Every structure is written in C-alpha cells, then in structure tokens.
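Student: Chains as they are written, first to last, in the numbering used here: chain U, 1 to 164; chain A, 1 to 74.
A hint or two may mislead.
Simulated DEER-style distance windows between Cβ atoms [stated by the list, open to error]:
#1 A:22 with U:48: 38 to 44 Å
#2 A:70 with U:74: 40 to 46 Å
#3 A:67 with U:44: 34 to 40 Å
#4 U:41 with A:22: 27 to 33 Å
#5 A:59 with U:118: 26 to 32 Å
#6 U:131 with A:50: 22 to 28 Å
#7 U:40 with A:67: 30 to 36 Å
#8 A:40 with U:41: 33 to 39 Å
#9 U:145 with A:29: 23 to 29 Å
#10 A:29 with U:56: 22 to 28 Å
#11 A:22 with U:164: 38 to 44 Å
Simulated crosslink set (DMTMM-like; lysine to aspartate or glutamate; CA at most 20 Å straight-line) [said to hold, decoys possible]:
#12 U:92 with U:121
#13 U:123 with A:19
#14 U:103 with A:63
#15 U:123 with A:38
#16 U:12 with U:110
#17 U:162 with U:50
#18 U:141 with U:11
#19 U:141 with A:35
#20 U:113 with A:28
In case anyone wonders, no lab produced these hints; they're calculated from the structure. Quantities reported herein were computed from a predicted structural model and do not represent experimental measurements. All C-beta atoms, glycine included, are put in the ideal place defined by N, C-alpha and C.
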Amino acid sequence: MAGEYKEVSPEKYFLMYSFPCIGNLLHENKISKSDASNLENILFQNKTIERNFLEFCFPNAFRRIKTVAKEMEKNYWDMEVIRKYWLEEHNKFIDLGDGDYAKATPSFRELCKVHKAEVVEKKKNVITVKYGEVLRKVFAKFVPDVSIGDKVTVHLAFAIEKLD
Amino acid sequence: MGEKMCLAIPGKVIKVEKEFAIVDYSGEQRKANIELVDIKPGDFVIVQAQFVVQKIPKKEAVEAIKLWQENIKK
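So that you can see chain A by itself, here it is in the shape it has in the complex (with noise of 0.2 Å):
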C-alpha cells in the first residue's frame, strides 16, 4: 500500500479477534480497534487512527476501491 493512500478508500474486514480486527486493503493487512463499531468478517470498513470508525455498505465499497486501483495505475 503505499504512502498516498487515502482514508476514504474502505478495507475488508478478514478476522476479528477480542477488540481488534484485521483489515485487508488489497492484499496488505492491518489491524484496527473496533471499540466504536460493531463488526463481524466481509464487513467493508472505514479505518481512522486505527480504530475503525464505520461500516460501509459493500456496493459503495467496491466502487470506491475500483477507483482507487484505477488511479494509482495511472
């Protein structure tokens, strides 16, 4: 992932463990506190200062992480 990444593209939700969850952003995973949303795996989230802060709906999602792929090509 690189430096330029921008917060608004949403990660997938891979694993949740106790008060932590993994989050996939195309193939790198980090880890985020989940102390303000409720989540479970497949769920598409917003991630800031390592705590996810909300669930985003799968449709918008996608879009938003096509056009994010599509950019850094460019």
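Just chain U, same shape as in the assembly (with noise of 0.2 Å):
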C-alpha cells in the first residue's frame, strides 16, 4: 500500500533500499558472507535491526545520509532523512562520481540510482516497470500488491516501495 514507509522503522527503511546492494558489496569483499546473510534474515524475518551493523555494513551509504542530515538539521536517523536519501540524494551523489561510482560506467551509474516508474505490466513476482523511455523488470518482492499504473521506486533488480 501506498504511504507504508510510515509503518516501517527508518531501519528496516534503510535496509530495504540497501539490500540491493549486498550483492556487490560482498562481491568487492566489503562484507563477509556471514554478514551478507545476516542482513537479508533480519530484513525478511523482521528481526530487531541493529543501527551499528547497518553502520558497519554500509559506511558509504552512511557518509552521505550524514551529509544530508546536516543540511536538514536533523539526526541521522531520522526516517525523513533516510528517506530524502534515498529519493533525492542517493541520485546526486552518483551523478557527482562520490566514492565508488567515480569508476562506474554511465549505464551502471543509472542502474545504481533509485528511479521513480510506473508499473506496466506484472507476472507472478516480476513487474515491468517504466520510467522516461526506459522499460525495466524488477523483482516485486518487497511490493506485492501492486497493481498495472502504481508508482513504485526501483533500485538495481528490485521494486523497493509503492508512492502515493
């Protein structure tokens, strides 16, 4: 349902959009295997999520959401700032090269960014999403309600949540 981000803790918040990014953070030996699995079980077993160990796993991700609580005057974990990171921040941050996306090549910059689509088309677990010219398939674990023309934001092969 729309509007759900108001029901989860800025934690679980967090790692829903960063649990896309486990994959590679793993791949690069960022985290360890143990740590990789322990982040998806208390994502999907709604275990109690320590704010150390998303710390630890993702300090880049962590850096820039300082930044833009700073600018906001607000705690860094404060659910609108972890939000505005990742709607609006997380984008500008990759468009500027920081860290990491200094190296990557223009189509994984845009694979990276969080992008606001529409549902298209759905079957089983995987919708077709469209934003601008592009059409996506992400994986609607994490949205399976949706339905054909919701707004819903992606993140690498993931829907992360449904928009108002």
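Take the two lone chains and join them into the complex the hints point to.
Tutor: Next up, the structure:
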C-alpha cells in the first residue's frame, strides 16, 4: 500500500533500499558472507535491526546520509533524512561520482540510481516498470500487491516501495 | 577472475539455455538467470546476485572491460 514507509522503522526502510546492493558489497569483499546472510535474515524475518551493524556494512551510504542530515539539521537516523537520501539525494551523489561511483560506467550508474517508475506489466513476482523511455523488469518482492498504473521506486533488480 | 572483480564489469553472453545464460568474463564463465532481461548471445550484460539485470551497449562494455583489465595488471 502507498505510504507504507510510515509503518516501517527507519532501520528497515534503510535496509530495503540497501538490500539490492548486498551482492555488490559481498562481491567486492567489503562485507563477509555471514554479514550478508545476517542482513537478509533480519530483513525478511522482521528481526530487530541494529543501527551499528547497518552502519558497519554500509559506511559509504551513511557518510552520505550524514551529509544530508547536516543540511536538514536533523539526526541522521531520522526517517525524513533516510527517505530524502534514497528518494532524492542518492542519485545526486552518483551523478557527482562520489566514492566508488567515480569508476562506474554510465549504464552502471543509471542502474544504481533509485528511479521513480510506473508499473506497466505484472507477471507473478516480476513487474515491468517504465520511467522516461526505459522499460525494465524488476522483482516485486517488497511490493507484492502493486497493480498496473501504480508508481513505485526501483533500485537495481528490485521494486522497493509504492509511492502515493 | 580475482575476488576483487567489481560487479560493474560487464560480461559477454556466449550461450542462452532456457532460463539461464552463460556469461563470459575474460575467460571465466558464469551462469546467470535471465528472468529479468531478454538477451541473446553476443550481448554485454551486468549480472547481480546471479541475475542478469541490465544489457550494456557494446561500446561502453568494451571500454569498461579494457579499463578493468588495465587496472588489474597494475
């Protein structure tokens, strides 16, 4: 449902968006296999998510989020800060070539961005979304109830949340 | 393929078998699910968590692979 973010904790919200990146971090040896499976377990089994653990696994994201929090004059774990980061600021950092994005090719940068898209097709657990001229298939794991015409955000291979 | 391989490095599809593709990374081959992207042999793709997530224009892919190979020689 839309506005669902209001019912999840900032920790879970952060992890929903960062979840598609776990494979990348694991691949680059930035986190261990046990850290990666812990992250997946706590997300899908609704376990308590420790802030320290998230900050340890995603240091670059939190460095950026702290910058956003400072500008907003809020605590960096404030939901408004986390949401603003993923929905607006994350893409700007990518465009600036921040951190590892400096080495990324144009297509990979676009893939790493959070896009606001419209659902145009739905087949079981896979939805086709459209933004601009781009049509992309992503997993609907986090938004199983979306319908054609709904607006969602997408990050890498996943649709993350339904937008109002 | 070293453990430091960045996922931003595209691979080349050398074979498509039902729901899987065999993707080549400078000699090392990996299997990836193609549920999300329609591809054919010869395409360059980015694979994430064993899923092909995006097709990459050939020019960009070739440049990215070249850059990566130069980096690992250093």
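Student: None of the hints should be skipped; say for each whether it holds.
Tutor: Structure-based check of all given hints:
1. A:22 with U:48: 38 to 44 Å: holds (41 Å)
2. A:70 with U:74: 40 to 46 Å: Check passed, 43 Å falls within 40 to 46 Å.
3. A:67 with U:44: 34 to 40 Å: For residue 44 (chain U) against residue 67 (chain A), whose Cβ atoms are near 36 Å apart, the range 34 to 40 Å holds.
4. U:41 with A:22: 27 to 33 Å: Holds, since residue 41 (chain U) and residue 22 (chain A) (Cβ atoms, about 31 Å apart) stay within the stated range.
5. A:59 with U:118: 26 to 32 Å: Since residue 59 (chain A) and residue 118 (chain U) have Cβ atoms about 30 Å apart, the given range 26 to 32 Å holds.
6. U:131 with A:50: 22 to 28 Å: Holds, at about 25 Å.
7. U:40 with A:67: 30 to 36 Å: holds (32 Å)
8. A:40 with U:41: 33 to 39 Å: holds (37 Å)
9. U:145 with A:29: 23 to 29 Å: violated (38 Å)
10. A:29 with U:56: 22 to 28 Å: Roughly 34 Å apart at Cβ, these two residues miss the hinted range, so it is violated.
11. A:22 with U:164: 38 to 44 Å: Since residue 22 (chain A) and residue 164 (chain U) have Cβ atoms about 43 Å apart, the given range 38 to 44 Å holds.
12. U:92 with U:121: Measuring from Cα to Cα gives roughly 29 Å; hence the hint is violated.
13. U:123 with A:19: holds (15 Å)
14. U:103 with A:63: holds (12 Å)
15. U:123 with A:38: holds (15 Å)
16. U:12 with U:110: Violated: residue 12 (chain U) and residue 110 (chain U) sit about 24 Å apart, past 20 Å.
17. U:162 with U:50: Status violated; Cα separation ~25 Å.
18. U:141 with U:11: Between residue 141 (chain U) and residue 11 (chain U) the Cα gap is close to 18 Å, so the pair holds against 20 Å.
19. U:141 with A:35: Since the Cα atoms of residue 141 (chain U) and residue 35 (chain A) sit roughly 14 Å apart, the hinted pair holds (cutoff 20 Å).
20. U:113 with A:28: violated (28 Å)
Of the numbered hints stated above, those contradicted by the structure are hints 9, 10, 12, 16, 17 and 20, listed in ascending order.
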